[in-house]
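Visitor: Residues per chain are reported as follows:
Number of protein chains: 2
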Amino acid sequence: MKKVRLALCQINPTVGDLSGNVKKIIERINKLGEYLPDIIVFPELAVTGYPPEDLLLKPHFIDDNIEALQEIQKSVGDFIAIVGFVDKSEDIYNAAAVIHQGKLLDVYHKIHLPNYGVFDEFRYFKPGKRYPVYKMGAIKFGINICEDIWYPDGPASVQASHGAEFIININASPYHMGKAGTRFKMLSTRASDNSLVIAYLNTVGGQDELVFDGHSLVINEHAGLIAEGKCFAEDDIVIDICLEEAFMKRLHAPHDREVAGPADNYQIDEIVIDHGPLKNEDVLVPAAMRGTVRSVCDAGPATNGEIYNALVLGTRDYVVKNGFGKVCIGLSGGIDSSLVAAIAVDAIGNDNVTGIFMPTHFTSAESREDAYALAEHLGIMILEIPIRPVLDAYLSSLKPHFRELPPGIAEENLQARIRGNILMGMSNKFGWLVLTTGNKSEMSVGYATLYGDMAGGFAPIKDVPKTLVFKLSEWKNIDSGKSVIPERVLTKAPTAELRFDQKDTDSLPPYEILDPILKAYIEDDRSYEEILNLGFDSDCIKKVIALVDLSEYKRRQSPPGIKITPRAFGRDRRFPITNRYRNY
Amino acid sequence: MKKVRLALCQINPTVGDLSGNVKKIIERINKLGEYLPDIIVFPELAVTGYPPEDLLLKPHFIDDNIEALQEIQKSVGDFIAIVGFVDKSEDIYNAAAVIHQGKLLDVYHKIHLPNYGVFDEFRYFKPGKRYPVYKMGAIKFGINICEDIWYPDGPASVQASHGAEFIININASPYHMGKAGTRFKMLSTRASDNSLVIAYLNTVGGQDELVFDGHSLVINEHAGLIAEGKCFAEDDIVIDICLEEAFMKRLHAPHDREVAGPADNYQIDEIVIDHGPLKNEDVLVPAAMRGTVRSVCDAGPATNGEIYNALVLGTRDYVVKNGFGKVCIGLSGGIDSSLVAAIAVDAIGNDNVTGIFMPTHFTSAESREDAYALAEHLGIMILEIPIRPVLDAYLSSLKPHFRELPPGIAEENLQARIRGNILMGMSNKFGWLVLTTGNKSEMSVGYATLYGDMAGGFAPIKDVPKTLVFKLSEWKNIDSGKSVIPERVLTKAPTAELRFDQKDTDSLPPYEILDPILKAYIEDDRSYEEILNLGFDSDCIKKVIALVDLSEYKRRQSPPGIKITPRAFGRDRRFPITNRYRNY
Chain A
59 MKKVRLALCQ INPTVGDLSG NVKKIIERIN KLGEYLPDII VFPELAVTGY PPEDLLLKPH
119 FIDDNIEALQ EIQKSVGDFI AIVGFVDKSE DIYNAAAVIH QGKLLDVYHK IHLPNYGVFD
179 EFRYFKPGKR YPVYKMGAIK FGINICEDIW YPDGPASVQA SHGAEFIINI NASPYHMGKA
239 GTRFKMLSTR ASDNSLVIAY LNTVGGQDEL VFDGHSLVIN EHAGLIAEGK CFAEDDIVID
299 ICLEEAFMKR LHAPHDREVA GPADNYQIDE IVIDHGPLKN EDVLVPAAMR GTVRSVCDAG
359 PATNGEIYNA LVLGTRDYVV KNGFGKVCIG LSGGIDSSLV AAIAVDAIGN DNVTGIFMPT
419 HFTSAESRED AYALAEHLGI MILEIPIRPV LDAYLSSLKP HFRELPPGIA EENLQARIRG
479 NILMGMSNKF GWLVLTTGNK SEMSVGYATL YGDMAGGFAP IKDVPKTLVF KLSEWKNIDS
539 GKSVIPERVL TKAPTAELRF DQKDTDSLPP YEILDPILKA YIEDDRSYEE ILNLGFDSDC
599 IKKVIALVDL SEYKRRQSPP GIKITPRAFG RDRRFPITNR YRNY
Chain E
59 MKKVRLALCQ INPTVGDLSG NVKKIIERIN KLGEYLPDII VFPELAVTGY PPEDLLLKPH
119 FIDDNIEALQ EIQKSVGDFI AIVGFVDKSE DIYNAAAVIH QGKLLDVYHK IHLPNYGVFD
179 EFRYFKPGKR YPVYKMGAIK FGINICEDIW YPDGPASVQA SHGAEFIINI NASPYHMGKA
239 GTRFKMLSTR ASDNSLVIAY LNTVGGQDEL VFDGHSLVIN EHAGLIAEGK CFAEDDIVID
299 ICLEEAFMKR LHAPHDREVA GPADNYQIDE IVIDHGPLKN EDVLVPAAMR GTVRSVCDAG
359 PATNGEIYNA LVLGTRDYVV KNGFGKVCIG LSGGIDSSLV AAIAVDAIGN DNVTGIFMPT
419 HFTSAESRED AYALAEHLGI MILEIPIRPV LDAYLSSLKP HFRELPPGIA EENLQARIRG
479 NILMGMSNKF GWLVLTTGNK SEMSVGYATL YGDMAGGFAP IKDVPKTLVF KLSEWKNIDS
539 GKSVIPERVL TKAPTAELRF DQKDTDSLPP YEILDPILKA YIEDDRSYEE ILNLGFDSDC
599 IKKVIALVDL SEYKRRQSPP GIKITPRAFG RDRRFPITNR YRNY
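So the sequence lines, in the order shown, correspond to chains A and E. Residue 642 is where the first sequence ends in the numbering used here, and the numbering goes up by one at each step. Residue 642 is where the second sequence ends in the numbering used here, and the numbering goes up by one at each step.
The hints are simulated quantities; they were obtained by calculation from the structure and are not laboratory data. Computed from a predicted structure; not experimentally measured. It is possible that part of the hints are untrue.
A pair holds if it fits inside one copy or across any two, identical chains being indistinguishable in the list.
Simulated pairs of lysine-lysine, DSS-like, Cα-Cα distance not exceeding 25 Å [said to hold, decoys possible]:
(1) K132 / K337
(2) K81 / K161
(3) K457 / K384
(4) K193 / K81
(5) K550 / K529
(6) K116 / K577
(7) K61 / K601
(8) K600 / K116
(9) K237 / K116
(10) K540 / K529
(11) K132 / K550
(12) K561 / K487
(13) K307 / K61
(14) K89 / K288
(15) K577 / K457
(16) K601 / K487
(17) K601 / K116
(18) K534 / K89
(19) K61 / K561
(20) K457 / K487
(21) K161 / K146
Could you put the whole structure together from the sequences, leaning on the hints where they help?
Guide: In structure tokens, the structure reads:
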């Protein structure tokens with residue numbers, strides 16, 4: 059039987075950690091080598107981590123990454139290793155090294171460079187123009203990188219039309235809700251269209267605003283899912299791929315004979331690898347390593363569990379990769395801080411999380427009870443630091459300058475800022491990272507205080523709309539089999555408690571109305587007219603759009619948070635602060 | 059004599075202000091029409107302002123910009139108007155409209171899209187492939203946009219080889235130190251190489267982190283500068299260009315016969331404009347409007363006056379275009395806040411600037427005297443708000459939680475944060491914009507307190523290294539003919555005054571050593587080895603590099619400031635926070 063054994067290493071590299079990433083890669087090579095794979099595969103830019111951003115403008119960084127690759131080469135024996143790195147010749151390329159017996163056999167250069175959303179690859183890389191096909195005994199295969207596979211007339215198609223029977227596609231593809239389904243549809247279509255087996259390997263882990271979900275896939279020429287990597291965790295998949303069917307399918311449905319290749323100059327190479335498929339039938343791969351198919355990828359919309367896990371991994375990796383051991387969170391007794399605390403505990407453990415409750419005279423008894431109940435359920439330390447004395451000191455210092463004007467935003471923001479200062483004080487004193495608790499609805503309309511509740515190093519739920527905060531909290535309780543987040547927190551009306559009897563709805567439309575307007579405006583770039591046609595109230599839409607536009611200056615100073623929607627704030631949405639455009 | 063009369067309108071549009079920009083453009087058309095120009099020219103993306111960033115992802119914004127262009131068309135009579143806008147067909151283009159007698163004659167699409175530094179044009183636009191040459195009576199000319207002219211084999215060369223005798227190049231080219239000289243050298247080479255007259259029109263004004271310097275140039279076929287627009291101010295230049303010489307030069311030195319055009323498919327059109335050069339000899343253009351040549355562009359390195367003016371314009375436009383009338387600044391008696399206050403006064407007038415002096419027990423008598431002297435010299439209001447009472451309130455609230463640990467960074471930062479809160483309190487109460495006073499040296503090494511002295515809406519000297527802060531302050535005093543900034547401020551040792559007898563040099567190398575290391579590392583992307591070879595101390599370099607890398611998280615939350623160096627923080631330098639790369 060014509061077959062090949064692939065080992066897909068879904069690893070979690072760290073940006074810039076060349077020696078750490080090399081160590082991780084060599085460990086996988088040594089471990090998985092036991093199963094005699096023909097090919098061991100690592101993700102896109104596995105050597106540098108993704109995205110290295112402007113580190114790529116440093117020539118010494120490029121050189122160090124090449125030295126790191128040479129270190130990896132030495133550990134490659136009688137099999138093929140495919141490793142993502144930055145290649146350097148007359149320019150730099152997002153590349154895949156093809157290594158065999160310690161030698162660099164070939165280098166593939168990514169052809170289609172993404173330059174939208176969070177991606178800036180035209181800023182750094184030159185696109186490749188070469189479509190190599192590798193011949194290994196009777197088997198032919200192609201390699202390409204991430205974005206390449208998204209083009210129907212891209213390298214996979216060209217490589218297939220030149221005989222490739224399977225494609226190895228290495229990725230650093232960030233998560234957002236619903237992406238798994240989109241990916242699976244595209245990959246299965248691509249596999250079927252070109253009568254190919256596709257081994258899609260994705261990196262995993264958090265990097266600043268991004269979280270890579272792993273969730274590698276192997277899909278056969280009939281669009282069938284044959285193996286699946288874990289979501290949001292490192293994983294190794296060792297799988298035997300049968301290649302009899304791909305050629306058979308081509309004879310029976312030879313669509314791909316028509317493929318002419320891209321219009322511009324391009325180059326097809328056939329590269330012969332002196333390596334037949336190994337005799338590895340006797341070496342059994344444990345079932346747990348075969349990438350059991352759970353079919354989570356075509357389940358339609360994202361599940362709450364999937365989103366929650368993305369937030370946990372993104373938070374853990376930000377904390378750990380930046381060298382922090384512990385975090386602190388301002389607990390208000392409200393749902394946002396409760397959810398963030400739950401995420402933090404799942405990310406780094408209850409012993410490493412401290413809640414700080416900072417009441418004023420506006421704080422209700424319920425808020426205190428709920429904050430303490432949450433801390434108890436999570437098993438985290440809770441400190442109480444009342445802010446009234448500091449507030450009074452500010453107000454008396456400012457009284458002569460506030461000119462008898464009535465209390466308002468200035469006084470409300472002071473409370474939030476005192477809390478921010480106390481959290482930062484504890485951070486400075488004990489080296490804790492402050493997690494902020496703002497959600498996407500608040501970030502969108504600026505319902506947050508700069509240097510107040512926005513003060514902190516990382517914002518786990520920054521891209522989570524308030525209505526989803528509720529759903530994730532409910533899911534967390536169901537998943538835990540108990541009310542980790544106190545039930546009352548899920549039912550009481552949201553309030554900032556910066557004045558007596560304040561409710562979020564005093565300033566904002568109800569979240570069930572606000573959130574769909576925000577999605578239409580921010581994620582879908584709909585106009586005022588189009589949102590009106592969705593059935594929302596005209597004045598409400600106008601108010602929301604104006605708030606979003608006018609609070610760009612706040613978002614520009616907000617801490618990074620985890621992207622979970624198709625358009626997050628931060629690198630993903632680049633908006634001018636100075637902007638007089640009004641679309642109504 | 060074969061001649062053409064050009065009117066170059068160096069205007070200051072505002073991003074997104076379509077109706078305001080249209081009004082400004084029509085006003086110039088009406089005013090300059092009196093001089094019977096053959097061609098009236100407006101800058102790149104004059105209709106939308108530059109850069110519109112992700113506004114370009116909104117289809118309704120594109121449509122509104124096209125409606126705005128149609129409004130402009132109506133005001134164009136018997137002459138040609140060239141106006142930068144966003145064209146829409148199967149995709150969107152960075153484009154120049156060629157308008158005549160109310161009709162859109164042609165549209166040029168920018169061919170070379172910048173996607174480095176602060177530019178993201180591949181994120182938005184499709185590159186053009188067409189090289190039109192316009193024929194107007196006996197005269198032939200070409201149009202191209204900004205980046206296009208930086209390519210030696212780009213459109214200017216192709217258009218010249220197809221008969222164009224002059225080129226109109228419209229720009230939104232942001233300022234940085236030394237760029238004027240680079241631009242002039244390139245443009246004069248391009249003009250001479252191709253035997254062309256080049257009319258280079260640049261936009262002017264501040265937009266968030268960018269300041270456009272205007273400084274439009276007209277250069278003849280012998281590389282001679284024949285007209286120059288104002289720097290950092292709106293300007294109109296009406297100039298008669300003689301075109302006899304360009305053809306003569308081609309006959310005598312026909313280098314450009316060799317030009318073959320770009321390698322890829324491209325399209326040359328000759329478009330005949332039914333408009334002979336006008337009989338406008340009798341209409342005299344006042345000398346002041348002829349773009350007097352001051353030769354400031356090939357003066358070599360940037361002058362202090364030029365940099366100062368860039369900061370003034372950038373600050374004014376941020377304040378005014380965002381709808382603020384007044385600003386406040388924390389005055390410490392030190393040089394940074396003194397320079398920022400001077401810039402603010404020059405930007406928006408002394409009546410609109412309030413200094414706030416916030417002493418503690420660590421504040422020296424000299425600092426108080428210097429802050430008051432500065433306020434008096436500038437004629438600004440100064441308020442004094444001591445922060446000791448608030449600090450004591452914090453310390454007593456935190457005492458039980460700080461666990462008897464010795465005072466340190468936490469206590470120092472608290473002082474800076476109290477000041478930040480007071481400034482923000484005044485901002486919230488009175489609607490003043492807070493200007494922060496941090497310089498580039500501090501921003502680089504993180505010698506600043508998040509939510510403390512970094513709190514504010516705009517950071518005028520964020521990209522000015524400390525050594526340049528001194529030079530600009532000295533220049534300001536010389537230019538004013540008096541010590542606006544008190545002399546002692548220029549001579550005393552810099553200190554943050556957050557503990558007794560503190561000096562910046564307790565924590566940092568002297569600025570004369572720090573600044574060149576920072577330039578090598580940040581602007582020039584030099585490695586540790588390379589910086590060592592410049593002659594600096596090894597430990598000092600290591601410390602500085604580590605500080606720069608580790609304070610990326612602070613910079614990510616800093617307010618925008620004006621780019622004046624070839625690499626500023628912000629959109630210009632995109633660095634990961636999570637980054638374990640160490641180059642030593």
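Visitor: As a check of your reading, is K534 near K89 (CA-CA no more than 25 Å) within one copy, between copies, both or neither?
Guide: neither (36 Å within a copy, 67 Å between copies)
Visitor: At most 25 Å between CA atoms: does that hold for K550 and K529 within a copy, between copies, both, or neither?
Guide: within (14 Å within a copy, 59 Å between copies)
Visitor: Indicate which option fits the pair K600, K116 if close means a Cα-Cα distance not exceeding 25 Å: within, between, both or neither.
Guide: between (46 Å within a copy, 16 Å between copies)
Visitor: Treating 25 Å as the Cα threshold, decide for K457 and K487: within, between, both or neither.
Guide: between (31 Å within a copy, 11 Å between copies)
Visitor: When Cα atoms must be at most 25 Å apart, do K89 and K288 count as within-copy, between-copy, both, or neither?
Guide: within (18 Å within a copy, 68 Å between copies)
Visitor: How would you label the pair K561, K487 (within, between, both, or neither) given a Cα cut-off of 25 Å?
Guide: Intra 34 Å, inter 22 Å, cutoff 25 Å: inter-copy only.
Visitor: Is it within a copy, between copies, both, or neither that the alpha carbon of K237 lies no farther than 25 Å from that of K116?
Guide: Classified as between; 22 Å across copies, 33 Å inside a copy.
Visitor: How do K132 and K550 come out at 25 Å by Cα distance, when the copy is not named: within, between, both, or neither?
Guide: Classified as neither; 61 Å inside a copy, 58 Å across copies.
Visitor: Between the shortest in-copy and the shortest cross-copy C-alpha distance, which are at most 25 Å for K307 and K61: within, between, both, or neither?
Guide: within (16 Å within a copy, 70 Å between copies)
Visitor: Treating 25 Å as the Cα threshold, decide for K601 and K487: within, between, both or neither.
Guide: between (41 Å within a copy, 22 Å between copies)
Visitor: Tell me, please, which holds for K540 and K529 at an alpha-carbon limit of 25 Å: within, between, both or neither?
Guide: within (15 Å within a copy, 65 Å between copies)
Visitor: Within a copy, between copies, both or neither: which one fits K457 and K384 at a CA-CA cutoff of 25 Å?
Guide: Cα proximity of K457 and K384: across copies only (21 Å, versus 38 Å in one copy).
Hint violations for this structure: numbers 4, 7, 11, 15, 18 and 19, all remaining hints satisfied.
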